[in-house]
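Fit chain B to the supplied structure of chain A, relying on the hints for placement.
2 protein chains.
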Amino acid sequence: MSDTPDRVRFTTALHDRDAWSAAACSMDRAVKLIGKRSNMLLLREAYYGSTRFDEFVRRTGLSEPVVANELRHLVEEGLLTRVPYQDAGDRERLAYRLTDMGRDAFVPVVALMQWGDKWLAPEGPPVELSHSACGSAVTVSVRCTEGHDLTVRDVTVRPGRGATRRASTTSPH
Amino acid sequence: MSDTPDRVRFTTALHDRDAWSAAACSMDRAVKLIGKRSNMLLLREAYYGSTRFDEFVRRTGLSEPVVANELRHLVEEGLLTRVPYQDAGDRERLAYRLTDMGRDAFVPVVALMQWGDKWLAPEGPPVELSHSACGSAVTVSVRCTEGHDLTVRDVTVRPGRGATRRASTTSPH
Numbered sequence: 035m036s037d038t039p040d041r042v043r044f045t046t047a048l049h050d051r052d053a054w055s056a057a058a059c060s061m062d063r064a065v066k067l068i069g070k071r072s073n074m075l076l077l078r079e080a081y082y083g084s085t086r087f088d089e090f091v092r093r094t095g096l097s098e099p100v101v102a103n104e105l106r107h108l109v110e111e112g113l114l115t116r117v118p119y120q121d122a123g124d125r126e127r128l129a130y131r132l133t134d135m136g137r138d139a140f141v142p143v144v145a146l147m148q149w150g151d152k153w154l155a156p157e158g159p160p161v162e163l164s165h166s167a168c169g170s171a172v173t174v175s176v177r178c179t180e181g182h183d184l185t186v187r188d189v190t191v192r193p194g195r196g197a198t199r200r201a202s203t204t205s206p207h
Numbered sequence: 035m036s037d038t039p040d041r042v043r044f045t046t047a048l049h050d051r052d053a054w055s056a057a058a059c060s061m062d063r064a065v066k067l068i069g070k071r072s073n074m075l076l077l078r079e080a081y082y083g084s085t086r087f088d089e090f091v092r093r094t095g096l097s098e099p100v101v102a103n104e105l106r107h108l109v110e111e112g113l114l115t116r117v118p119y120q121d122a123g124d125r126e127r128l129a130y131r132l133t134d135m136g137r138d139a140f141v142p143v144v145a146l147m148q149w150g151d152k153w154l155a156p157e158g159p160p161v162e163l164s165h166s167a168c169g170s171a172v173t174v175s176v177r178c179t180e181g182h183d184l185t186v187r188d189v190t191v192r193p194g195r196g197a198t199r200r201a202s203t204t205s206p207h
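Chains A and B supply the protein sequences, listed in that same order. Just so we're aligned: the first sequence equals residues 35 to 207 in my numbering. Just so we're aligned: the second sequence equals residues 35 to 207 in my numbering.
Everything labelled a hint here was simulated from the structure, so no lab data went into it. Nothing here was measured: the structure is a model prediction, and the numbers come from that model. Please note: incorrect hints may appear among the correct ones.
Put simply, identical chains are the same to the list, so a pair is met inside one copy or across any two.
Quick list of in silico lysine to any residue cross-link-like pairs, SDA-like style, CA-CA up to 20 Å [what the hints assert, rightly or not]: (1) 152 x 115; (2) 152 x 137; (3) 152 x 133; (4) 152 x 134; (5) 70 x 43.
Extracted from the complex, chain A is given alone in its bound form:
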């Protein structure tokens, strides 16, 4: 169909795509954990500075039960942690703070935002991100550790430490 196929290359061990299972795929695990729209909106608001339950409700437009449920999910899965706070004359309440794991999800969240800006915002991006220190525009890119920018065509996939092979490689399914 084309001389330059739109696909990653596989090392010999993975060459027959039907001989190995992607069931343990980290992308799939990530999507199962935080792929839900409600989770993504709550993370966005955490990056935008929300820490309190009522802020998350007001700024995401989600219902209180959904926010309560999904904040609990994000705490249980380790992306947020609960910290007590107390306003003057009020009872103690719980605020939500990002953990390292939650902070790290900034990369896929900004990657999705950038993709949406490019392909789904004909009127232009609703917000623009810049580096506070130098003022330059923020971008998310796939690169190698040598600094080369990469597309899907430049990437090779090999089995990792957590690889699992199907029982039989001669009978793909």
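Positioned in the frame of chain A, the structure of chain B alone reads:
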């Protein structure tokens, strides 16, 4: 709660988070369009070289009706395009190829994979991505165009061309 809050900064125009709506958020649009697990798995298999319906079914583990439905969705939304092909002695069929829009979603997909590798794969990453040309490991990072690596704390948000403000900025909700 902390001297270095885990949040982006806002320019003056956005300083009061309750005074503007994130309803047009590009991240939210992206999640609505491709955030579903079935869509993500189909994109992954397209990056892994699948073009034919039966390949998508076999390699994602999704049911035929789901694959048919979600491939149609990805074609309608512009990430895949249908191309006729014909095996010897067989009737003409349709194959699915990535468009520029679909190829571009490689960035958020690899960003999610990298996050999952780091936080959800205690046994190690199931696959490892490298730059075919130089062999170096693949990473996804948030940077500015000057090349500085950024975390959520280094980023400032300002209104973009597609910004919409709430009708009243004095009554946040």
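Now for the hints, and whether the structure bears them out:
1. 152 x 115: between (33 Å within a copy, 19 Å between copies)
2. 152 x 137: between (24 Å within a copy, 13 Å between copies)
3. 152 x 133: between (29 Å within a copy, 14 Å between copies)
4. 152 x 134: between (28 Å within a copy, 11 Å between copies)
5. 70 x 43: neither (30 Å within a copy, 25 Å between copies)
Checked against the numbered hints given earlier, this structure breaks only hint 5.
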